[in-house]
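Peer 1: Here's the letter readout for the chains.
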Amino acid sequence: MAQATHGVGGLKYDASKRARPPELSVFVALLLIVATFEILGRLVIGDSFLFNTRENVAGLFNQQRLEVIILQVSIVGIIAIGVTQVIITGGIDLSSGSVVGATAMIAMSFAQVAIVNGNPNPKAIFPELGWLDLPVIVPILVGMGCGLIAGLINGSLIAYTRIPPFIATLGMMVAARGLSRWWSTGNPISFPTESYAAIGKGLMPVMIFITLAILFQLIMSYTKYGRHCYAIGSNEEAARVSGIKVEHHKVLVYVIAGVLASVAALVLSSKNLTAQAGMGVMYELDAIAMTVIGGASLAGGRGSIIGTVIGALIFGVIISGFTFLKLDAYYQEMVKGVIIVGAVVLDQWRQRRQAIGG
Amino acid sequence: MEEVILRTEGLTKHYGGVHALENANFELRMGEHVAIMGDNGAGKSTFVRQITGVEQRTSGKIIFGGQEVQFKGPLDARQAGIETVFQNLALADDLDVPSNLFLGREKIWLNLGPFSILDFKGMRAATEKALLRTAVKIPNLSNSIRKMSGGQRQCVAIARTATFASKLIIMDEPTAALGVQETTQVENIIRTLKVNGEPLIIVSHNMRQVFDLADRIVVFRRGRIVANLNKSETNGQDVVAYITGAKTGAEYADAA
Numbered sequence: 001m002a003q004a005t006h007g008v009g010g011l012k013y014d015a016s017k018r019a020r021p022p023e024l025s026v027f028v029a030l031l032l033i034v035a036t037f038e039i040l041g042r043l044v045i046g047d048s049f050l051f052n053t054r055e056n057v058a059g060l061f062n063q064q065r066l067e068v069i070i071l072q073v074s075i076v077g078i079i080a081i082g083v084t085q086v087i088i089t090g091g092i093d094l095s096s097g098s099v100v101g102a103t104a105m106i107a108m109s110f111a112q113v114a115i116v117n118g119n120p121n122p123k124a125i126f127p128e129l130g131w132l133d134l135p136v137i138v139p140i141l142v143g144m145g146c147g148l149i150a151g152l153i154n155g156s157l158i159a160y161t162r163i164p165p166f167i168a169t170l171g172m173m174v175a176a177r178g179l180s181r182w183w184s185t186g187n188p189i190s191f192p193t194e195s196y197a198a199i200g201k202g203l204m205p206v207m208i209f210i211t212l213a214i215l216f217q218l219i220m221s222y223t224k225y226g227r228h229c230y231a232i233g234s235n236e237e238a239a240r241v242s243g244i245k246v247e248h249h250k251v252l253v254y255v256i257a258g259v260l261a262s263v264a265a266l267v268l269s270s271k272n273l274t275a276q277a278g279m280g281v282m283y284e285l286d287a288i289a290m291t292v293i294g295g296a297s298l299a300g301g302r303g304s305i306i307g308t309v310i311g312a313l314i315f316g317v318i319i320s321g322f323t324f325l326k327l328d329a330y331y332q333e334m335v336k337g338v339i340i341v342g343a344v345v346l347d348q349w350r351q352r353r354q355a356i357g358g
Numbered sequence: 001m002e003e004v005i006l007r008t009e010g011l012t013k014h015y016g017g018v019h020a021l022e023n024a025n026f027e028l029r030m031g032e033h034v035a036i037m038g039d040n041g042a043g044k045s046t047f048v049r050q051i052t053g054v055e056q057r058t059s060g061k062i063i064f065g066g067q068e069v070q071f072k073g074p075l076d077a078r079q080a081g082i083e084t085v086f087q088n089l090a091l092a093d094d095l096d097v098p099s100n101l102f103l104g105r106e107k108i109w110l111n112l113g114p115f116s117i118l119d120f121k122g123m124r125a126a127t128e129k130a131l132l133r134t135a136v137k138i139p140n141l142s143n144s145i146r147k148m149s150g151g152q153r154q155c156v157a158i159a160r161t162a163t164f165a166s167k168l169i170i171m172d173e174p175t176a177a178l179g180v181q182e183t184t185q186v187e188n189i190i191r192t193l194k195v196n197g198e199p200l201i202i203v204s205h206n207m208r209q210v211f212d213l214a215d216r217i218v219v220f221r222r223g224r225i226v227a228n229l230n231k232s233e234t235n236g237q238d239v240v241a242y243i244t245g246a247k248t249g250a251e252y253a254d255a256a
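Residue numbers (the numbering used here), protein chains in the order written: chain F, 1 to 358; chain E, 1 to 256.
Extracted from the complex, chain F is given alone in its bound form:
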């Protein structure tokens, strides 16, 4: 039979019946927001948001601004990659911000130098143990270990005691924040080794974010793991009777989310050259917001890493756009709140329309 009948059972393949990828509408939203800032910029302050207007710099676009946009969302973006997977399986992870704080503190204490400007490191927390100037792999492994343990606890609680993910990760959120304060009794930890400082230098956070995003987008679309994430999120009972080990899978998803949060912590503490107990506060909510803006459904079953990356960019563009229009930071937060709620309302509306139409 000819290729024209791509449907099965004699039905003609109908191109209009093909679903439009939801990422497309998110991308259009991104373009609209950029266009809005471009127009507002030209009208209000007579400058271009997107394009290069300086004569002494080459290039069509304002490269500096583009770099800032992606740099400021890439660290939370790394967390959002994990949060997206959790939300697709129908869960939620509130602990990622606190895991960032705890991981940053613990990893940094294994990345400290012994001598600062010829004097002993005043902030070193393991001098008598000699745990200073360790090779960079040690803080990296310790840090990722922290994320792994946090994820393992989250996942096991959710899968085996069957408490709601909201409660389990809320507990982890509070406990991990406590841990990060207790670790150095509230003091910041500074002076990392040069090799540790290289993790988050320059555009490294962007590179790490993009690499991880591509890797996990491929995993979500082409592997058994990804399929099972969507299956559990859309119908957990069906997944179970189909033979998917739902409990194992959930633990794995929360472990991956925890490890990604700890990677974000490594990048962040390296970039700032210091770790503080208050690091990562509210990051979990920003990550959830990026995911939801990117088209993921809080009911589970829908979403993608590409969508979340676009969601993160929308976030970055808005923050950068407000700075560009010289508006107060207070407005940013308010508008961010409106956008988050708006994205969820839109999702609900989309679902209801489908339920009626379908």
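It is possible that some hints are incorrect.
In silico lysine-lysine, BS3-like type, Cα no more than 25 Å apart, as pairs [as the list claims (entries may be wrong)]: (1) K72(E) to K245(F); (2) K107(E) to K245(F); (3) K137(E) to K147(E); (4) K167(E) to K107(E); (5) K107(E) to K137(E); (6) K271(F) to K201(F).
The following label-pair restraints were derived from C-beta to C-beta distances [what the hints assert, rightly or not]: (7) S232(E) to S156(F): 57 to 65 Å; (8) G118(F) to L112(E): 44 to 52 Å; (9) P135(F) to F164(E): 50 to 58 Å; (10) Q67(E) to H248(F): 27 to 35 Å; (11) L32(F) to N40(E): 50 to 58 Å; (12) I108(E) to V116(F): 52 to 60 Å; (13) V28(F) to I108(E): 32 to 40 Å.
No lab work stands behind these hints: they were computed from the structure. The structure presented is a predicted model; accordingly, all values stated were derived computationally and were not measured. In this text, a Cβ means the ideal position worked out from N, Cα and C, and glycines have one as well.
Got chain F sorted already, so can you dock chain E onto it with the hints?
Peer 2: Coordinates of chain E only, in the frame set by chain F:
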């Protein structure tokens, strides 16, 4: 003599003091389509749940494919070759047709443990074959199930049972929630399965459907089998008499 694929001997299930199923002796031969009928609470679904391993029986034997079996769960039964289409569909709404067909037993292109890469081409080809075999009509395989009609979804669920080399298909009221046209579609699939010689147990309330599709009718009443009727030797009125208790099969006289 035709080979017997499924036999139960004295199958019994008590829920505490409630005798939901009592001493059920049942037989299904290769290629045979048997309908199970009975009033609500007669024990039909309980009977199905024991065979599919969803529940554990109180006593009795299940002999499947010549061997006595003891299913610990629905997965065991599936692995043994018993595929069930449940009343509430076991489908993942957000996945497309091939993913649903192969849910939990995906074809693997490169084995990397949980991150094994899937063989999409293979699954798609097998899906098309299964859908042709059951004559299911789906406009676009790569759309999510959510956008499909109840009938199409039911067809996908049935095609799933036919995708794998199943030895026995059980359908628990497959058309209860469907419209007229969709019911016809599902019935056509069942006829295709009959032509292909696949044995089937169908639980149904619909007399016309039963007489259309089944070779034999087994009637349950108050947890017991009260009649085992060949379609050619009975009629609707007769079956109703057995269901309501006006009549009881001679060989089941003690059950009344």
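Peer 1: For the pair Q67(E) and H248(F), does the Cβ-Cβ distance stay inside 27 to 35 Å?
Peer 2: Hint holds: Cβ distance 30 Å, inside 27 to 35 Å.
Peer 1: Between G118(F) and L112(E), is the Cβ distance one that fits in 44 to 52 Å?
Peer 2: 51 Å, holds
Peer 1: Quick check on a hinted range of 57 to 65 Å for S232(E) and S156(F), using CB atoms only.
Peer 2: Since S232(E) and S156(F) have Cβ atoms about 59 Å apart, the given range 57 to 65 Å holds.
Peer 1: Please test the hint of 50 to 58 Å on the beta carbon pair from L32(F) and N40(E).
Peer 2: 56 Å, holds
Peer 1: For a C-alpha distance cap of 25 Å, please report whether K107(E) and K137(E) respect it.
Peer 2: Holds. K107(E) to K137(E) sits at ~23 Å (cutoff 25 Å).
Peer 1: For a C-alpha distance cap of 25 Å, please report whether K72(E) and K245(F) respect it.
Peer 2: 15 Å, holds
Peer 1: Does the alpha-carbon distance linking K137(E) and K147(E) stay inside the 25 Å limit?
Peer 2: With Cα atoms ~14 Å apart, K137(E) and K147(E) stay inside 25 Å; holds.
Peer 1: Can you tell me whether the CB distance of V28(F) to I108(E) sits inside 32 to 40 Å?
Peer 2: 36 Å, holds
Peer 1: Honestly, do I108(E) and V116(F) meet the 52 to 60 Å range at C-beta?
Peer 2: Roughly 53 Å apart at Cβ, these two residues keep to the hinted range, so it holds.
Peer 1: Could you say whether the range 50 to 58 Å given as a hint is met by the Cβ separation of P135(F) and F164(E)?
Peer 2: The hint (50 to 58 Å, Cβ to Cβ) holds, given that P135(F) and F164(E) are roughly 52 Å apart.
Peer 1: Are K107(E) and K245(F) close enough, with their CA atoms no more than 25 Å apart?
Peer 2: 17 Å, holds
Peer 1: Given the hinted pair K271(F) and K201(F), is their alpha-carbon gap at most 25 Å?
Peer 2: With a Cα-Cα distance of about 6 Å, the restraint between K271(F) and K201(F) holds, given a limit of 25 Å.
Against the hints set out earlier in the document, no violation occurs for any number.
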